[in-house]
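Visitor: Given next are the chains, with one letter for each unit.
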Amino acid sequence: MMATTNIEHVKKKSVFVGLLAVLSAMISRPSGLLGLALVVFHIVLAIVSPAIAPYDFKDVNAQIILNTPSYEHWFGTDSLGRDVLTRTMLGGRQALFVTTIATVLAIAWGGLLGVLLGLVGGRLDELLMRIVDAFLCLPWILVLLLIVVMVGSESGVLILTLGFFYGIPVIRMARAATHDVVARDFVTAAQARGESRSTIVWRELVPNVLDVLLVEGAMRWSWMLLAFSSLSFLGFGIAPPTPDWGLMISNSLSIMALAPWTALAPVVALSSLIIGINLSADALAKAVGIDRAQRAPV
Amino acid sequence: MVKLIARRLALGVLTIVLVSGIIFVGVQALPGDSCTAYLGRAAQGKRLENCRRDFGLERPVLARYIEWTLGAVRGDFGVSLKGKKPISETVGTRFRNTVILGITASILGVPLAILLGIIAALWRDRLPDLWVSTTAIFAMTIPEFVSSTVLILIFSVWLGWLPGIVITRPDAPLFEFLSDIILPIVVLAFVMTAHILRMVRTSVIDVLASDYVQMAQLKGVPYWQMVFKHVLPNALLPTINLVALTIAWLLGGTLVIEVVFNYPGLGRLMVQAIFFRDLAMVQAIALILATLYIALNLFADLLTLVANPRLRTMRSS
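Residue numbers (the working numbering), protein chains in the order written: chain D, 2 to 299; chain W, 179 to 495.
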């Protein structure tokens with residue numbers, strides 16, 4: 002039912018060669034190249050920023066409160082006299098760290114369970130899918146807020162929570178993809194050839210479902226960033242003084258009329274990362290032959 | 179038909195009961211109770227005991243749950259510990275404000291989404307589709323508070339046309355909200371349009387590929403006649419349900435928007451209540467939002483049932 006119809010069976014030499022081919026197909030589009038460049042830029046920045054940031058992110062200086070952008074402070078200073086550029090450079094580290102691990106987690110457990118349910122079917126499948134549907138109805142922000150208030154907002158908690166909740170729609174996706182692949186001619190052909198069940202699963206099913214999961218993962222990533230930064234925007238995420246884009250934007254809102262520059266840098270940083278991930282996901286989807294715009298959100 | 183509707187209604191009520199149970203248990207599981215939150219540092223020994231006795235917190239959970247639900251049915255959600263005011267008083271006007279926000283955004287967003295979704299589907303993979311679909315993806319993934327911040331920067335800081343922050347009293351008459359509400363509506367409608375247009379697009383594409391549409395094409399039905407008579411009615415009916423679900427789901431999203439614009443709605447009240455650990459308030463708002471969600475869902479189901487004659491026989495059999 003979902004848009005896995007375009008997937009054609011390709012004999013894959015190895016996962017590595019396959020990935021390389023996908024990567025080069027992604028780069029061949031200008032939008033894909035731009036997207037990948039943005040993502041790589043942000044990841045590299047997150048790794049090296051502690052070494053190259055011009056100031057200390059917690060350096061409070063009453064002398065230079067809310068300074069306009071200048072040669073010393075390219076993006077100005079915030080209400081505590083801290084350098085906005087420094088804080089923006091460091092502000093994505095927690096977000097990237099948490100959401101990346103959580104994405105891998107979500108795809109792993111959701112994908113595994115989804116493929117299993119798709120293969121097994123029957124009563125268990127029916128029951129679990131009802132539960133999945135029920136979970137999908139909950140407004141995610143309420144659930145996240147309650148959990149964070151209950152157990153705290155340390156990185157570990159956020160990773161597990163995001164990984165768990167964003168894995169639930171992946172179950173649905175992986176299950177549908179499994180049904181789709183199983184009904185394909187090449188699976189019937191393999192059965193007719195007398196291949197064993199495990200061979201069919203590993204050689205025919207997994208590589209094809211993996212494509213869907215890869216695209217799904219890229220999408221989930223940007224959703225998680227949305228959730229993560231919304232939480233810190235609301236004041237329930239990463240605790241200050243650790244710099245975070247969501248928190249920075251939230252702080253800048255009350256002084257927007259006085260110091261609009263405090264919002265500009267984190268807004269550009271967060272948007273460029275999310276746009277980068279989306280452009281990459283788009284290019285990835287096209288490279289493996291899935292119409293991404295056709296899939297339902299959530 | 180009547181039996182079918184009755185069954186849906188019963189199912190809806192059952193879901194609300196279930197959800198209320200989950201909310202109650204979830205809030206009970208939070209560390210501390212209303213009294214420790216209310217008394218703060220003074221929550222020790224005698225005072226804590228007295229407070230718990232006053233609010234009836236020492237009674238068994240089940241008794242309190244039953245009392246709470248029975249009260250909620252009558253519109254009595256108990257007393258907020260912060261303001262010592264009945265919750266229903268505070269919640270009432272906030273609820274109105276959130277509903278206004280939701281309805282106006284839907285009135286703007288839904289028709290726009292349907293139009294854009296149809297355009298994207300009919301020109302699939304060509305320029306109109308690429309523009310619409312790409313913008314939709316960005317609209318859905320850029321956090322609401324980022325797009326709101328950008329709009330505030332442009333329209334209130336630089337141009338000075340609209341207020342960036344709502345300072346109108348929560349219970350002020352409607353027309354006083356008029357200028358305050360424009361930016362929040364735009365942000366909400368933007369996100370809503372993006373979500374819904376994607377569903378419409380998928381649905382139209384599915385119908386375009388169906389046998390009866392291809393048959394119509396082969397018969398030589400003119401293109402636009404085919405679109406309006408064969409494709410659109412069949413494509414748009416199933417989306418009624420999804421549209422209602424999306425609107426309900428986005429109620430969660432209004433929470434962030436309300437906080438950004440300081441808009442006095444249910445979402446911001448909820449965030450404040452969580453912040454101050456006003457558990458009775460959290461419980462009440464969660465239940466209201468869940469009920470609203472289930473009600474919208476039910477309404478969509480019934481609407482589809484009435485609008486689509488095929489379903490009536492199919493599902494009751």
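Treat the hints as calculated values from the structure; they're not laboratory data. Where a beta carbon is used, it is the ideal one built from N, C-alpha and C, also for glycine. One or more of the hints may lead you astray.
[Unchecked claim] Sample of chain W residues facing chain D (criterion: CB under 10 Å; computed from the structure):
#1 Phe316
#2 Met318
#3 Leu331
#4 Trp336
#5 Leu433
#6 Val434
#7 Asn440
#8 Gly445
#9 Arg455
#10 Ala458
#11 Val460
#12 Ala468
Visitor: All hints are to be evaluated individually against the structure, with a verdict given for each.
Guide: Right, here's what the structure says about each hint:
A least Cβ separation of about 6 Å between phenylalanine 316 of chain W and chain D falls short of the 10 Å threshold, and the interface hint therefore holds. Given the 10 Å rule on beta carbons, the hint for methionine 318 of chain W holds: about 6 Å separates it from the nearest Cβ of chain D. With 10 Å as the threshold, the beta carbon of leucine 331 of chain W comes within range of chain D, its nearest partner Cβ sitting at about 6 Å, so the hint holds. At its closest, the beta carbon of tryptophan 336 of chain W sits 8 Å from a beta carbon of chain D; the interface hint therefore holds under the 10 Å criterion.
With 10 Å as the threshold, the beta carbon of leucine 433 of chain W comes within range of chain D, its nearest partner Cβ sitting at about 5 Å, so the hint holds. Hint status for valine 434 of chain W relative to chain D: holds, with the closest Cβ pair at about 5 Å, below 10 Å. A cut of 10 Å between beta carbons decides the hint on asparagine 440 of chain W: the least distance to chain D is about 9 Å, and the hint holds. Hint on glycine 445 of chain W holds. Least Cβ distance to chain D is approximately 9 Å, under the 10 Å limit.
Checking arginine 455 of chain W against chain D: minimum C-beta separation of about 8 Å stays under 10 Å; hint holds. Interface hint status for alanine 458 of chain W: violated, as the beta-carbon distance to the closest one in chain D is roughly 15 Å, over 10 Å. About 8 Å separates the beta-carbon of valine 460 of chain W from the nearest beta-carbon of chain D, less than 10 Å, and the hint is met. A least Cβ separation of about 8 Å between alanine 468 of chain W and chain D falls short of the 10 Å threshold, and the interface hint therefore holds.
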